[in-house]
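A.B. asks: With chain A's structure known, arrange chains B, C, D, E, F, G and H on it following the hints.
Number of protein chains: 8
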Amino acid sequence: MDKKRLEALLRQVSQGSLSVRSAAERLAALETAKLETDKLEYARIDHHRPLRRGIPEVVLGEGKSPGQIQGIVEHLIERRAPVLVTRLEASVGETLAERHPIGRYDPLSRTYFARSAKTRRKPRPGLVIVSAGTADLPVAEEAAVTAEAFSLVPDRIYDVGVAGLHRLLEHLPRLRQAKVVIVVAGMEGALPSVVAGLVEAPVIGVPTSVGYGAALAGFTALMGMLSSCAEGLTVVNIDNGFGAACAARVILQR
Amino acid sequence: MDKKRLEALLRQVSQGSLSVRSAAERLAALETAKLETDKLEYARIDHHRPLRRGIPEVVLGEGKSPGQIQGIVEHLIERRAPVLVTRLEASVGETLAERHPIGRYDPLSRTYFARSAKTRRKPRPGLVIVSAGTADLPVAEEAAVTAEAFSLVPDRIYDVGVAGLHRLLEHLPRLRQAKVVIVVAGMEGALPSVVAGLVEAPVIGVPTSVGYGAALAGFTALMGMLSSCAEGLTVVNIDNGFGAACAARVILQR
Amino acid sequence: MDKKRLEALLRQVSQGSLSVRSAAERLAALETAKLETDKLEYARIDHHRPLRRGIPEVVLGEGKSPGQIQGIVEHLIERRAPVLVTRLEASVGETLAERHPIGRYDPLSRTYFARSAKTRRKPRPGLVIVSAGTADLPVAEEAAVTAEAFSLVPDRIYDVGVAGLHRLLEHLPRLRQAKVVIVVAGMEGALPSVVAGLVEAPVIGVPTSVGYGAALAGFTALMGMLSSCAEGLTVVNIDNGFGAACAARVILQR
Amino acid sequence: MDKKRLEALLRQVSQGSLSVRSAAERLAALETAKLETDKLEYARIDHHRPLRRGIPEVVLGEGKSPGQIQGIVEHLIERRAPVLVTRLEASVGETLAERHPIGRYDPLSRTYFARSAKTRRKPRPGLVIVSAGTADLPVAEEAAVTAEAFSLVPDRIYDVGVAGLHRLLEHLPRLRQAKVVIVVAGMEGALPSVVAGLVEAPVIGVPTSVGYGAALAGFTALMGMLSSCAEGLTVVNIDNGFGAACAARVILQR
Amino acid sequence: MDKKRLEALLRQVSQGSLSVRSAAERLAALETAKLETDKLEYARIDHHRPLRRGIPEVVLGEGKSPGQIQGIVEHLIERRAPVLVTRLEASVGETLAERHPIGRYDPLSRTYFARSAKTRRKPRPGLVIVSAGTADLPVAEEAAVTAEAFSLVPDRIYDVGVAGLHRLLEHLPRLRQAKVVIVVAGMEGALPSVVAGLVEAPVIGVPTSVGYGAALAGFTALMGMLSSCAEGLTVVNIDNGFGAACAARVILQR
Amino acid sequence: MDKKRLEALLRQVSQGSLSVRSAAERLAALETAKLETDKLEYARIDHHRPLRRGIPEVVLGEGKSPGQIQGIVEHLIERRAPVLVTRLEASVGETLAERHPIGRYDPLSRTYFARSAKTRRKPRPGLVIVSAGTADLPVAEEAAVTAEAFSLVPDRIYDVGVAGLHRLLEHLPRLRQAKVVIVVAGMEGALPSVVAGLVEAPVIGVPTSVGYGAALAGFTALMGMLSSCAEGLTVVNIDNGFGAACAARVILQR
Amino acid sequence: MDKKRLEALLRQVSQGSLSVRSAAERLAALETAKLETDKLEYARIDHHRPLRRGIPEVVLGEGKSPGQIQGIVEHLIERRAPVLVTRLEASVGETLAERHPIGRYDPLSRTYFARSAKTRRKPRPGLVIVSAGTADLPVAEEAAVTAEAFSLVPDRIYDVGVAGLHRLLEHLPRLRQAKVVIVVAGMEGALPSVVAGLVEAPVIGVPTSVGYGAALAGFTALMGMLSSCAEGLTVVNIDNGFGAACAARVILQR
Amino acid sequence: MDKKRLEALLRQVSQGSLSVRSAAERLAALETAKLETDKLEYARIDHHRPLRRGIPEVVLGEGKSPGQIQGIVEHLIERRAPVLVTRLEASVGETLAERHPIGRYDPLSRTYFARSAKTRRKPRPGLVIVSAGTADLPVAEEAAVTAEAFSLVPDRIYDVGVAGLHRLLEHLPRLRQAKVVIVVAGMEGALPSVVAGLVEAPVIGVPTSVGYGAALAGFTALMGMLSSCAEGLTVVNIDNGFGAACAARVILQR
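Residue numbers (the numbering used here), protein chains in the order written: chain A, 1 to 254; chain B, 1 to 254; chain C, 1 to 254; chain D, 1 to 254; chain E, 1 to 254; chain F, 1 to 254; chain G, 1 to 254; chain H, 1 to 254.
Chain A with its partners taken away, still in its complex shape (with noise of 0.2 Å):
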């Protein structure tokens, strides 16, 4: 609910127009649009986030049926809000994309995205991506591909890892330019604290589940990010390439 109808909502509460029970019920009926199929509502979709948290709706397409997610990105397209479907299985991706071609499927981010030209915003720069390995590439690019479904314009340095220290040091200048940094690494995870001491800005860590046995599965890269005494170094969960750009679109939207 939009801020412009709760405060009229209260006022009519306050002018005596509208009981308190009346008001109760009324807050809880006009929150939330509700998708149901066989009785069994699925999905409360926010329609308003934007104004919340200044964030288009997402879909995270782990655990959800195809039918789910198909539900709930045609309800999104009908109402014209931009829909960014991640973590989707290429078959029902690339079903997507045929169904709504207003919407691009990426394989490589295994993403969904889909923008009317009038809810584009101007690009805003600042972002850095830095990714280790090849293997890290999907995670970098969800992140990536998430930002620019958020307006932002993210500047890449990818294969970059810590035993090739030369690498990483040809692309100071363009680090050192950087408002925010997201560092992608599996493995041990050393890339981000090495970075964070390299720049000024916020560096937010990805690790990934690159490697193998002692790498578990991408544990041994957020322990080591949180063990990190870089200062400015900040951790979200294992392949979590979408939280990075969340965070990354909020330190950068001040």
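Think of the hints as simulated: they come from the structure by calculation, not from any bench.
From a predicted model like this one, the values you see are computed outputs, not experimental measurements.
Some hints could be false.
Claimed, not checked - Computed list of lysine to aspartate or glutamate pairs in EDC-like fashion (alpha-carbon distance at most 20 Å, straight line): (1) C/Lys-122 with C/Glu-148; (2) C/Lys-179 with D/Glu-200; (3) D/Lys-122 with D/Glu-170; (4) B/Lys-179 with A/Glu-200; (5) G/Lys-179 with H/Glu-78; (6) F/Lys-179 with E/Glu-200.
C.D. replies: Frame of chain A; chains B, C, D, E, F, G and H shown alone:
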């Protein structure tokens, strides 16, 4: 080494007045000051960090002997550099404060902070620090004292755990004015998710080691914060109030 | 073995009409029915469980072969005993429903339930089931379908995660009327803490394996629920919607 | 804040005698009492909890300084509110009992409990507490003392581990009369499964940190209880006798 | 190498008819038969194991290619050595049984066993195998089939979990006649504790990977069995029915 | 309760001279003696255990107060029952030995053992105890002293770790005469595998908490022993020398 | 970039014929070749690695798409650089071998290796590779094939697990001639400790993921090797035969 | 036993002057010296280890009583064997140094080292020891002192963590002259990866238990080092400076 001296030195190389080899040696020699005890250099102090990262010298008290801490603090105070010591046992902290009354030891946050009047900067508002329970206070205050050392002005909202939501909700207006929020919570660590769902600012979660059994010495809170789907939330290490304040600072300085 | 037969038998012993040894053998022989395939008895079915625990026969589908499941269900339906099969793969469940149309297979909760009209009991109100996200639905529905098999009438409040508190708060009146609340949540698993802080009824937390990385396949949610300081909250195994419904039933039957 | 005052306040808003903004401020102001030491408010005490959850104020002694505990207890005793302090070290507990002889410190359960005669309620029967070994007694007694503070009358069945089944079986009649059973067990934590198979009442398992090596400081017992297929069994945190008593209370008050 | 040949060889050394060096080489050469495929010797088969440990050749099917398994079995059957293959996929096992009909593939225990009539020994009684649930059967049967291959005669007591104690107690007389008991259980793994409290014979606990979530793929059962204070109980690896039968055999052969 | 009394009692029931109900009560009443302190019965001592399991009363000192230990020991010594206390702190053990000089406290194994001359049995040979390093001695000696309390005669082979194989191999003849071998080892815990490959007797592995870092307080040794493919090897809990001796006893008594 | 070009460039700077800034840009530009697909540079290949580490280009096949692998291999073969691809699925490896028959795919070690005759170097002896069981062969062969790609000549001693010590001891002379020993073992991972106790050369332990349950997918072996007190033993990641061969190479090249 | 005596003995066997059996007994008898206290032999000291592994006797102080340490050191000093004691508490170490002033106790590395002038060997250069932070010094110095006891001459480069790369890079020339590098690092443990990317020599990573929370007492650093893709890097146990020095020695002695 500051920028001017670096440029001067490189200019000498380009003018032929300094050999490549000598330049390299000089770069190494100038960079850092070393403290030595019994022939073992135990710390390299970088007077130029403010230039590189904009943060005064901070000394982690944990894992250092009282003599080492005393040596570093003395070295910095002599050079009029501001210094913050964290994770400092009461006995060592009180001795420090007696010897160097320019600084103050705070037993709750376990910090010693010293700064000459000259190095003070204009306070910068916008940081809110939220904490869940009484037992989380030492970590919240480590963040708050560190933030103050960085010339930030933290607004504290304490003892507002998720099992009594009304306590948190009454502070909504203060929360919504924040430019950065640090949320400190132990046990299930749910508070940062709830806060991040209520504000538009970046939220930095600090899990604490408060709780027993299934709280896993802070790992349940840590994993909970990382697993959250609340957008704009990033996380630092368990009990790392200092790290959260560093991250808040680099975000606010943008 | 039912109580009457047991008492009769013990009376025979006390009257000398049955030897101690014979009594022991008879007790063993009468107690349970065994199903045999290829000489290996694979399941002892206890027709008298309702007497002992007040709960109809439930078969865990996981870890049993289709033939074993089919055998047990047939055995029970022949004896007109109500039967609930949980964790049932779609292919096996649909075959069961074709062969024994007295029951129904529900793909979302992955259950098959069959009951003859006679065994129906009067529905008992008071259970509310709350779930956090769309991906938690299968577990929430396992609880709901099980509860219905126990003649409870669950009131479902779904998709009300802690990162959007307003969704939950609008249902406060329904929540506060509950006599028992089951709360199903994955990721950080914070919802049961929040709900237990809002109601006076017993709350049963069900962590789900929803989430990735730091969600640790449900263990973060499990540990979070156990670490909560919200009073009146107890917990069952990850994804154990069935167990939560059993606990709700024994609480409500008091 | 109690219900009457809340309704009065909302009525004032609806009658125009209170502005929306003032109402919000007043709601926040009235809700809780705060204790302050050295400018840091360290605890918000909610005098109205009995209204909301029906449970007297309980203070977790662990993680609080003796001064903080003393302050909270004094505040409550002055207001004639009953107070229970748990996880209390002997030295602090004995000092409390000396200063406030209205209450008693119990070294086995490590609790201090104070209640004026007026606040006593009619005792409510139906709770049985079972424990496995001598070393589990402190946790079982934490549950028992807490239950007594809630006006329950626990029936104690102690030292009946699963490796000597006959000890448990001789108490079957007492067990079967229970309306709620709390079962406290360390090591392999099998006792709650066995008890839940013998009774029709809800069973609350409390794993303890008793045992060494593979007992994993209580996690083996915790995981064992959660893995059990015995119906009607739910679980609380390791060593959380207090939480089990809280859950028993909300079940019995229904 | 058998004892006689070893003594002969050492006698030759002591008589000077064989040099120290030649003796060492010969010892190495005679000891084992090697199977080679594409130049890589992939298994050293020790025909003389029966002499050393009294146990026929057993081949772990897991981790070996069908060709490797086939090669080893053929080699042994040609030499008329009895052979047991465990952890054998159905397709490979059935092919084996077709090619070498002297042996039989058992799909429940996933074993292939072949023995010529000559190598049969007199059956030895005294082993009882107990299992908790239907899903534990494959492991219980791996133990039983292995025991039969070792000429033991296991008495099977199946589906007697601790949540229904009466099922177990009715078999007390059979249990108390055992000279060794193998107890197979998943989930909380409490059955071996209970059995060891009822019998005077050595009890070998076999945890199984049956269960989900908190059952931790068998580790909860494993840790539970190890934590038990029941005397006379020792434990083998998760799902290791084979290992339990080996241990039973060396105990019974004494 | 001993067998004769049980048979007598059951005969009375069958003859009608005792009611079913009275028989049940009497069975319960006779079975165990209880010790009480301050109204809390803290231990049920079973004088009849020797009948049931053939093992004298053993008291685990860990987790019991000095007063509780003293009470139990006194109770048993008065009744002339042999008693072994394990995991006993030196101060408590020495006090016990002073008060009850019939027994002896051994500081290395941390045990107190008392037996009147009458209860001594004929020593039984066949047990060999092997240990890896000096730091494993306390656990090895807990096994040895316990074994001696059970009238076994352990042959000790100590300080024979796998990194110096020749030390072990020189004892091969003693090893090969064993009827049961207990092998105590920390760190990687490889010694039981090696020993089990060299002997035909049952081998009981006892992992110890010796080692640091990757030794994981004994879990690496425990998991290593469980993972071994050496046949005839079973395992007890970390540092559980007592449990290994119990298992050895039930094997040797066959 | 090779040394000569680097020195030339720095000389230009010192002679003033190249500006500081240009030098920095040129350094960055010359350093690496990039491969691009659809605008995303996915791999930076460093032709100069041999100069820096003395090791030919190695491509980790895992986590890369067939197209990416094919692109990198083609790029290198065109430039006549030797290339080794590890962790390569059979289908991809065989396609590579068909397209570039200069190289060979080995299904056991899952490697593709290609080298033109010119780049061959003189073989260097001194490496012995020991492995415990048949299932460890793929890892042992990954080490062996990698070593051969580095012009080493591995001496293979396979199938010599610690549960049958005599198999290992017969190879003592070959072991004692080694200059470096790689020891590959799964399950309890005890073999490297035993070998390191027998030889004077550096021993590199490679734990494998062979085993089930308590073998913890290789972590038991890894932790066991790290816990060993055998001197001269260091360890690489689970299943990392490649890394062991790299380490052997840098040791032997000294 | 030294080689000459062994050959002599075997020659006697081959000449018939010594029976096979006597030879075996003599071999066992001569091999080791035993220290006995109260009938329990607690350590077998092998005077001939230098012959077998080229490393003087080293005694791990941890887990041994002061008396045991004293006994072993005395035994060795009497025989003029050099001795190094590690992990030695200050009080014990200082007492040792007073009694045996031929050796010295070093409190930082917690070692006692004694060697008579005669046993000194020619120092061998080539080892560089790098450490990350001040708190890592005790482990780095354990490695350095051990190396010196082995007649190596370690070059120390300390306090060069990855969050301040320039500190490390200034020492590149010293690093590149190394024949072996030991790198000691806690927290995220990234330093060995970075160093191994810069040098051509073998790198031995030593994780330390420095750090808190997510540093997991050294396991994050350990797992990070094992996960690294830097070539030539192998790893030892957490805090195992001693083990790293042993490995460096066997590499350098080649």
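A.B. asks: Against each hint, give a clear statement of whether it holds in the structure.
C.D. replies: Cross-check of the supplied hints:
1. Using a Cα cut-off of 20 Å, the hinted pair C/Lys-122 and C/Glu-148 holds, with the two alpha carbons roughly 11 Å apart.
2. The suggested pairing of C/Lys-179 with D/Glu-200 holds, with an alpha-carbon distance near 18 Å, which does not exceed 20 Å.
3. About 30 Å separates the Cα atoms of D/Lys-122 and D/Glu-170, which puts this hinted pair outside 20 Å; it is violated.
4. Of the supplied pair hints, the one linking B/Lys-179 and A/Glu-200 holds, its CA atoms being roughly 18 Å apart against a limit of 20 Å.
5. With a C-alpha separation of about 34 Å, the suggested pair G/Lys-179 and H/Glu-78 falls outside the 20 Å cut-off, and the hint is violated.
6. For the suggested pair F/Lys-179 and E/Glu-200, the alpha carbons sit about 18 Å apart, so the restraint of at most 20 Å is met.
Violation of the numbered hints given earlier is confined to hints 3 and 5; the remaining hints are satisfied by the structure.
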